[in-house]
Every structure is written in C-alpha cells, then in structure tokens.
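With the hints as your guide, set chain B onto chain A.
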Amino acid sequence: MPGTRRWLLLRAGGVLFVLWASATITFFALRLVPGDPAEAILGGPGSQAGPEALEQVRREYGLDRPLAVQYLTYLGRLVSGDLGQSYSLHKPVATAIGEQLGATLTLAVCALALAWVLACALAAWSVRGGRVAWAIGSGLELVAAAVPHFWLATVLILLFSTTLGILPPVSVPGPLGVVLPALTLAVPLAGFLGQVMRESLLTAMESPFVTTARARGESEVRIFWRHTLRHAAIPAVGLSGWAFGSLISGAVVVEAVFARQGLGRSLLSAVQLRDVTLVTGIVLVVALAYTVMTLVTDVADRLVDPRTRAVAR
Amino acid sequence: MSEPVLRIRDLAVSFGGRRVVDGVSLEVAAGECVAIVGESGSGKSVSARSVLGLAGEGARVTATELTVAGEPVLGLPGRRLRRLRGGTVGFIAQDALVSLDPLRPVGREIGDTLALHTDLGAAARRERTLELLRRVGLDDPELRARQRPGQLSGGQRQRALIAAGIAGEPRLVIADEPTTALDQPVQAGVLRLLGELRDEGTGVLLISHDLSVVRGVADRVLVMTDGVLVEEGTPAEVFEHPHHPYTKALVAAVPAGRPRGTRLSAPPTDSAAERRDDRSSGAGTPTTPTLDDPATGVLMEVHGVRRVFHVGARDIVAADDVSFTLRARRTLGLVGESGSGKSTTARILLGLEPPDAGAVTLLGEPWSPLPEKARRTRRPLVGAVFQDALSSFDPRWTVGAVLADALTRGRTVRPGRVRREITELLGTVGLDPDVADRRPLHLSGGQRQRVSIARALTGDPRVLVLDEPVSALDVSVQAQVLDLLDRLQRERDLAYLLITHDLGVALHMSDEIAVLQEGRIVERGPASSVFADPQHPYARRLRDAVRP
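Residue numbers (the numbering used here), protein chains in the order written: chain A, 1 to 313; chain B, 1 to 548.
Just chain A, with the same shape it has in the complex (with noise of 0.2 Å):
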C-alpha cells in the first residue's frame, strides 16, 4: 500500500522533529541555568577548583567557542550516537545508559502487557456480570487508578514477600524479579485503561452488528473476540502511547523501591550528583522512548481500526 508507506515516512519525519526539538530544548535550557558549566564538571561550587584547572576543562569541553559551534558540535555528536561523558560515573554517557535501558524497557514492557491483561479482563468480566459485577468492576478500576505506586509497592512487598513469601522483596536477576515491580505499574495503569474499555465495550455490546452476529448463531465468546474487544481496545490503544511514558517515569519511584538498577534509578541519582551530562542523556532517551511509543500505537491504531486509514494521510 503506497498510502501507508507514505505515511509511516511522514510519521518517522515526526519522530525525528520532536528528537531534534527535545535535544535542542535540553541544550539551550541547560545554558540558562546558572552557574559555570566547567564548576559544574568538577563537582559544583563547593569544589573550590582553580583557574587553571577551569580553564582546562574548558578547552576539553569546548565551552570556550560560541554557542553555535557547541551547538552544532553537540548535534553532531548525537547523530553519531555520542552523548558525552558522564562525570559521576566516569564513562560514556551512552554506555551507562545502555547498561540500563534494558531493564527499565524489560519492566514497561511487562507493566504494559499486564496491564492489558487486567484490564481486558475486568472489563470482560463487569460488563457481562451483570449490575453487581459492573459497580464492583467499576469500583476497583477506580481505587487501581488512585493508588500511588510507592504504596501499593510497599503491600506488594508485605503480602507476597513478607507473608507469603513466594516472591523475592527486592528485585533479583531472573523472571521472578520483574514479578513485583511490573505489578506495581500495572495496576493503576490498568485501573485507566479498563475504565475505557469498559465504557467502549458497553457501546459496542449494544451496537445492531452485534444483534446481526447473533442472528448469524455466533456464540457470545466468539462475538466477544472477534466484534466487541476490537471496538472496546481503540481507545485503550490510543492511550498506551501516553501510557508507556508514564512507565517510564513511574519507573524511578519503583526502581528505588526494589533497588532494582534501571534508567529511573540511574536518573535519580544523576539528579543528585547534578550530572548534567547524564540527565540530558536520559531525558533524550525517553523521548526517544515516547516519541516511537506513539509511532507504534499509531500503527496499531490503524491495524485495529481501518477507518483512520481513510483519514489520516
């Protein structure tokens, strides 16, 4: 399909807009703030470094040319994939990232999924279970979507590691460390979703397509997966986008409370260290993270829902 193809080119156009944009807002935010970028590199104004030793840091760090050259020179490092020197951790920014992208992704990735699960099913369930089901389905959506994670980690931890002890407290190698932490992403994620699903789902359920495919002798399961959870799940596919990002930032509460290592612990502490570097090259990487999220759930969005195709050129 040459519509598609042309409009998947014009959406990874975007994505690299909104990277350019957010490396280009990181740059300039971090030279208004103030205080000298070489202090900084060597620990802060209480370092009480010497002129010679600014100086030098300067020319290593190029802050003694114009701001457009910097500019330029810190673009091209980035398209070649160079996001400078971490000066806490005394390596490539880009390796200390890589190091802990993959378990932060791991954790999205399964807090997402799960969330999917949870919600389809209490959605299922509250909307064919009649009045009863449908006020405690809807019930416990809510109290999903209100509870912060650092609490819900917290009695996570008690009932299945202290009472019960079948899972690990803090995060260990393995699948059965993810267990926990993706829970307590989870579940407040799903509370969201499955409150618009449901909503969606009820619609669909009353549609006239729905009574042609009973007049058709479809069983109410197969009309369930073949009708009514692909109306119910457009919404909640729109929203994922959004969701995954949020992952990500829930991330940094939940890694410090598993101890698990992770971007959001990795981001914490480069706050606390004022590693510039660093934190530019996280914020970067969500981004990253962010903006190709929502390429993915506008891909998906046009698989479930055909008509946008007509639409959205």
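Mixed in with the good hints, there may be bad ones.
Covered by chain B, according to a simulated footprint, are these stretches of chain A (three or more residues, beta-carbon under 8 Å) [to be verified]: (1) 140-153; (2) 203-212; (3) 297-306.
What follows is a set of in silico ranges between Cβ atoms, one per label pair, in the way DEER data are often shown [said to hold, decoys possible]: (4) Val299/A / Glu127/B: 31 to 37 Å; (5) His241/B / Glu206/A: 40 to 46 Å; (6) Arg541/B / Gly14/A: 56 to 62 Å; (7) Asp432/B / Gly14/A: 55 to 61 Å.
No wet-lab data here; the hints were simulated from the structure.
Where a beta carbon is used, it is the ideal one built from N, C-alpha and C, also for glycine.
Same frame as chain A, but now just chain B:
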C-alpha cells in the same frame, strides 16, 4: 401443502410485566412472503426476533407453538439455537452501516456465516462469498468483499447484509425494515431481491412500518398495533378494503397518489387549531390554487446557482446552473437521490454556503452572495426544518429553552421570560404547553419534528426550507407532520422548498417538482404532470421505482 417454514401460535412477549406482544399467530410457507406492518412500538420487530430467540434482554416469551421447519424454538438449548440462527433462519436488519461491524470488511462477515453453517474450507468459503455478493447484485465482488460498510453506498451495504443473511441457505428469511433509510430506486432493488428469494422457495417474513413498501412483494399482509394483529389479507384486500380503523388510518397515511391538500391523518378532536383547519379546507377536498394563478407573490428567486467542491484532486459539482422561484402558498419539491446536490441547494438558499456563481434574491433584494452581516437582520424571514430533529437541538436544553433562544434570537434561554409566546408556538404546531419543560431526547420523533417546525416559525418567516422533514418518521406520524405543514402554509402564506428522496411525499406536497441529478435540474414541471410522461431517463427511473 408441505409443513410451513414458520408457525407461530399465541405468541406473547412481555418485558417486566409489560406485555408488548399478545396472542400473535401466523404461518409462513416455503416460497411465501408474509409482511407484518405497524408503527414503531407496535411489537412487530419483537415478534419477529422472538423466532430467533433474540427478543431482547429480560423478555419473557411464551407461545403454544413456535416452530421453524417443524422444530420448536422455545426452550432450545444454546448450541441448537445457534445452529438455527443463520442456518435455518436468516436475519436481515435495517441500516447496514451499523448492522454490519464497521471495522471489518463485508466479505469477512459473510465468510463467518459460511464458517458457522457450512463445512466449506477457507478457499471454498472465499469463492462462495464472491458468488453470494454477485447473487445479491453487487458489481466487482472481489473489491466489495474487501470493503467495509462505511466504504459502500447505502444500497450496496444493504445488499451485502442480505448476502450475509442468506449465506447459510436459510429456509426462512426475516427482514426487519430492510429498506428503511434507503432511496427509493435502491429500495425497489432490495425489495426485488427479496422477491427473488421468495420465488426460489425461501419463506420471507418482512417487517415494515410502510404499507407501500410491502405492497409489491408480500403475498399476505398482517397489520399489527399495540402488540396485537388486527387485520390480515392479501395486499390488495388490505389496501382496497381495510376493515380495522387502524388499518384504514395506515392506508390513508400513504401520501403517494393523494392529491395536494388532502388530509393524510385522521382529524384530531382535541386541538382547536386543527379543527379550524378542517373547516377551512374540508377534509379530502383539494383547495390549493393551481400553478397558473397569478395572484401569488414571488418570495425567493434562485438564478443560475453553481457550487463546486474540491475533494482532493476531484471536483464535485453539487449545484450546476440551478434556477427556480419560490412563491407564497406554493411548494417546490426538489427530488433526487442522495448526493444529487439537494442539501447543497438548501444550504445556499439558507445563506450557509456561498454560491460560486449565480445569485439568490429574497423579496426582490439580494440575499446570496452577500456578507453575512448584511444578511443577518433578514435571517428570520427564512426558516429551516431538517431531517434529524434530535441532533439539531442542544440535548441539554429543554424544548422551552430551545424556543426561548430562537424567539429572543440568542439573547436568553430562560423560557420563563417568553412563556406566553412559547405556549402559543407549541399550540400552533399541535403540542401541549407542558412539552416546554421536557428535553428533546424524551420526545417521540413526531413531537421532535413539531418542535423544530415551531422553532422555524419563531421569526415569522416567509420561506421555509424543509430538508427531508419526514424521512425519519413512521408513515402514520409522517402523515400528521405533512398535514401540519400543509395547514401552516395556508394559514401563513408560506413558500416551501421541500427536499425529499420520497417521490410520494413530493407528489403529495408540491405544486411544482424539480428533479435534481448531479447538481443539475434535469426535469421540472407541475407536480400533476411531471411524472406522467418523464423525458429524462433519470426521472423515468425515479418514477418506475415508486410504481407498485
């Protein structure tokens, strides 16, 4: 005669103690088409759906006998019931746009029926799907099978819905308002298709609110009102010699072939306004002045109006050299299929759309094109009534607020300030004053349309643009609204532009008729003669579509 494909004896359906169907008995033989006619809420649809066990949630269905091809339906276990649905009994609903899953290609829906009720393999199912699409008269079945309902025209998707309904080679087809919301030529095509199915030996149970729809295709007609069958006979018997008062009202409500000025609805006894109307017109006596009456004043003139829309690289000509004149106490009927440019013409007349060329004058003065500012003070002179009254109201406003807003031209929505005017307006359109406190959603279709007529009358207009004003209404309600419009026209010397796809309505209401095709007026003349000898092939096609 062999076993009938459907036999119902003493069917009763109730929802929570409220009985909606009572003592219905009927039979449909193979190769026979039986029609149930009645207005919305009469229980006809529920009766038909009971045959499939789909009467609705919370329905209590009882019958001394309810058998399809000899097999009792009531109490059938789920699996057997599902074999019956789509297999022995095919179901065709109204409005395929929502009755087919809008997200899936129509070929898949047909394929699903085949998968459920035949043991064909995937390739054979594909082949059979194309065959079925061809069978229901769709061109290019390979393409159609891949298209979704939204990509097909109204007639095409209704045919696709029929294809899905007959894919399981059912012995009985239940068609529930299969032609509602379709243009007449398309409607005629769908009915012919049902007739063919009948001729091939399928039993057809046809449900409709419109007697004229079933006339050509049904072998027997059952008339239903308030959950009870009140009359039964061949279409000729029911049409020519109706016995029950309800049937008589239903037959009288059909506008086709009734002269201008004839009452369609039974004269009401409670409304003073309607009684006045009866005295002035004399029921059944046409009183309209003829076309060549010179005493009528010209209110609006349309000169060579043209409007082209640019959609992508394509140009769509919605109006091309359209000219006509609207006179006081006269109705111009504008007919044509959907997409022929009727609504664009209406919008230009209302000053909502500027013409690319040509001009419209109102009372001899320029009206369009003209800057909106110059037009605004005269806007009350031109009123409008649209098809979907519900969506033309703010759903959060009461009827009183809607009318107060119109009466004060947007200065207030507090009905208290103009209570007296509102009561008067509602009386004019035959509604009780307490309707003012209700919301449009809680009114019936006929009441809503009366409210929108009341709103159109607020500025004391000289011209009313009526864009499909009765298309969404049952025939009996349609008759009342048409009678109301007719009375208002005579009382207030109004000029009407009546836009409709229903030739029967156009012929009944209009003095002059113009036929629009692709933005051009291809035929025009006095209503009495324009379809007597149509010159243009398109006009001939329209005429043939309404001939019984």
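Which of the listed hints are broken here? Going through the list in order, the structure violates hints 1 and 6 and respects the others.
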